[in-house]
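Asker: With these hints in hand, go ahead and build the complete structure from the sequences.
For the record, the sequence lines run as chains E and R. For the first sequence, the working numbering assigns the number 254 to the initial residue and increments by one for each residue that follows. For the second sequence, the working numbering assigns the number 3 to the initial residue and increments by one for each residue that follows.
Warning: the hint list may mix true and false statements.
These stretches of chain R come out as covered by chain E in the derived footprint (C-beta under 8 Å, 3 or more residues) [claimed, not checked]:
1) 23-37
2) 111-122
3) 127-138
4) 143-155
Hints in this document: simulated from the structure, not taken from any laboratory. Treat the numbers as computed from the prediction; the structure is a model and nothing was measured. Glycine residues also receive a C-beta, built at the ideal position from the N, C-alpha and C atoms.
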Amino acid sequence: MAEKIDNEQVRKVAKLSRLELTDSEIEEFTGQLGAILEYVEKMNELDTETIEPLAHCLPVSNVFREDIAKESLGTEKTLANAPKKDETYFLVPKILDDNSGA
Amino acid sequence: MADLQYKIIVGLEIHVQLRTKSKMFCSCALEFGAEPNSRVCPVCLGMPGSLPVMNKQAFEYSVLAGLALNCNIPMFTKWDRKSYYYPDLPKNYQISQYDLPLSEKGFIEIPLESGETKRIRIIRAHLEEDAGKNVHSASSYSQVDLNRTGTPLLEIVTEPDMNSGAEVRALAVELQRLVRFIGVSEADMQKGHMRFEPNINMKIIRNGKEYRTPIAEVKNLNSFRALERSVTYEAQRQLSEFLETGIEFGMGNKTTRGWDDEKEMTVLQREKEEAHDYRYFPDPDLVPVELTQEWLDEIKSRLCELPLKKQLRYVQEYNLSDYDAGVLTADRATADFFDEVVNAGGDPKRVCNLLTQTGLKITKEKNCNITDLPVTPKGMADLAKMVDEGTISASSATTIFEAMVQTGKQPDVLASELNLVQKSDAGELESIVDQVIAENSEAVADVISGGKKEKKARGFLMGQVMQKSKGQANPKVVSEILAKKLK
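Answerer: In structure tokens:
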């Protein structure tokens with residue numbers, strides 16, 4: 254049986270997701286996430302020993318498209334909803350710890 | 003002085019951009035240098051309601067690369083989300099592969115300076131999407147360009163089997179040739195088509211006790227040169243650090259360092275206090291891929307003899323120099339053409355000379371492949387044969403080759419049109435030789451007397467014959483006749 258989720262774990266997950274939460278929100282989400290995990294625990298009671306792990310909930314595979322380039326939105330439309338932009342770029346608060354890149 | 007031995011240990015993580023026309027999960031075009039944010043669609047933007055659809059070509063290219071890397075290709079593979087919080091990937095996750103990659107457990111052979119090859123094991127190669135680009139300017143904002151977002155990348159991870167900067171470079175160069183050869187990537191370093199991240203540490207034995215230094219991952223390597231130098235530098239740095247501080251490899255003391263190309267040194271970027279918490283989970287938006295045996299066989303049929311194997315074969319079977327064999331196997335078009343010419347009866351050495359000395363000069367000028375020239379393998383083989391049979395001289399072969407490229411005509415036709423056919427008919431040449439002998443009694447005497455003037459006199463007579471034949475006499479035949487007559 255897994256340990257019950259606590260405020261510290263919720264704080265950590267929030268940090269990983271770049272979410273700023275108030276103390277009362279932490280409290281609230283700890284309760285909600287706890288309930289979800291309890292439900293998962295309940296499902297863990299099922300014996301799945303002989304059942305193949307499921308990679309996807311649809312019994313479908315191999316949905317492809319051909320490698321054909323089509324028109325994109327273009328710079329103007331792409332930037333249309335941006336909270337901040339210049340001529341051709343999105344502008345975001347300066348990235349300090351830049352470990353971006355795949 | 004303490005007894006000290008050490009060994010560099012390097013594993014590589016390599017990202018190779020696939021040569022598709024469109025992105026991995028949407029139809030936006032891949033175009034280097036396009037206007038920022040012009041090749042972007044709702045899928046790239048991570049808009050609610052948009053759905054990714056796999057690019058079949060990208061998947062097949064990856065399987066082909068996996069096969070070329072001698073990997074095991076599972077029949078079932080799937081997609082996972084890797085949590086990622088940077089603005090260059092607006093979905094806040096990267097579509098990648100976690101527990102069921104499309105290929106694993108392979109190897110690549112790399113050439114060593116000694117002429118031997120070394121096998122470097124491949125842990126896995128999987129497909130994923132690239133992030134966009136963050137541009138940092140002097141202002142208080144960073145600029146984001148999403149054109150690269152969603153570009154198909156093959157991530158290749160090696161075992162830590164390399165033991166020097168030179169070996170790391172050899173692997174990089176060989177991998178570049180390999181992916182170009184099988185046509186899955188342009189592999190242009192300058193365009194960022196290949197990105198290398200070495201993981202480096204040292205095994206040190208001091209007074210019989212073994213130590214390992216903390217691992218450093220080096221980023222920001224934009225050339226083979228930088229890659230090699232960074233490994234050499236980092237190893238030296240780690241050795242000095244160990245001798246000074248005695249700090250050993252341990253949980254959580256891996257660091258990330260950036261390569262400074264100007265200062266030629268690695269600089270600490272950050273300490274990795276904890277393992278990255280990527281929180282992978284299966285992507286519900288993408289269905290798995292199931293290979294069938296027929297499909298896998300079809301992809302396999304596109305494989306060819308790989309470049310390093312070809313290069314070694316050219317050296318062993320044809321006696322070509324390692325350098326020439328390397329030039330011929332730098333790209334598939336040239337290597338395939340060479341093979342076809344040899345199959346059509348051209349002498350490998352002669353064909354190699356014609357191709358490397360003239361052919362590749364022409365293709366470089368025209369910026370095209372050898373197969374784009376109006377020269378058939380048969381025509382090329384005929385040209386080589388004409389030199390070997392003495393019909394034309396080696397220097398005329400170059401002229402004819404160039405004329406073949408310009409006119410598309412056959413070499414024998416051009417040889418007569420350009421008056422380059424050598425006279426090899428002994429009877430005809432003999433009468434010219436007789437005439438020259440009759441006209442130059444002094445030189446003839448010098449040759450026969452065998453003094454120090456002999457060599458010069460013999461050359462003079464040769465020259466006279468060539469002149470009288472308007473340069474068309476086969477020098478080999480002439481010199482035989484001269485030798486016979488002036489015994």
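Asker: Look at each hint and say if it fits the structure.
Answerer: Evaluation of the provided hints:
1. 23-37: holds (count 7)
2. 111-122: With 0 residues closer than 8 Å to chain E, the region 111-122 of chain R misses the three-residue bar; violated.
3. 127-138: Satisfied; 7 residues make the cut.
4. 143-155: holds (count 7)
The structure shown violates just one earlier hint, number 2.
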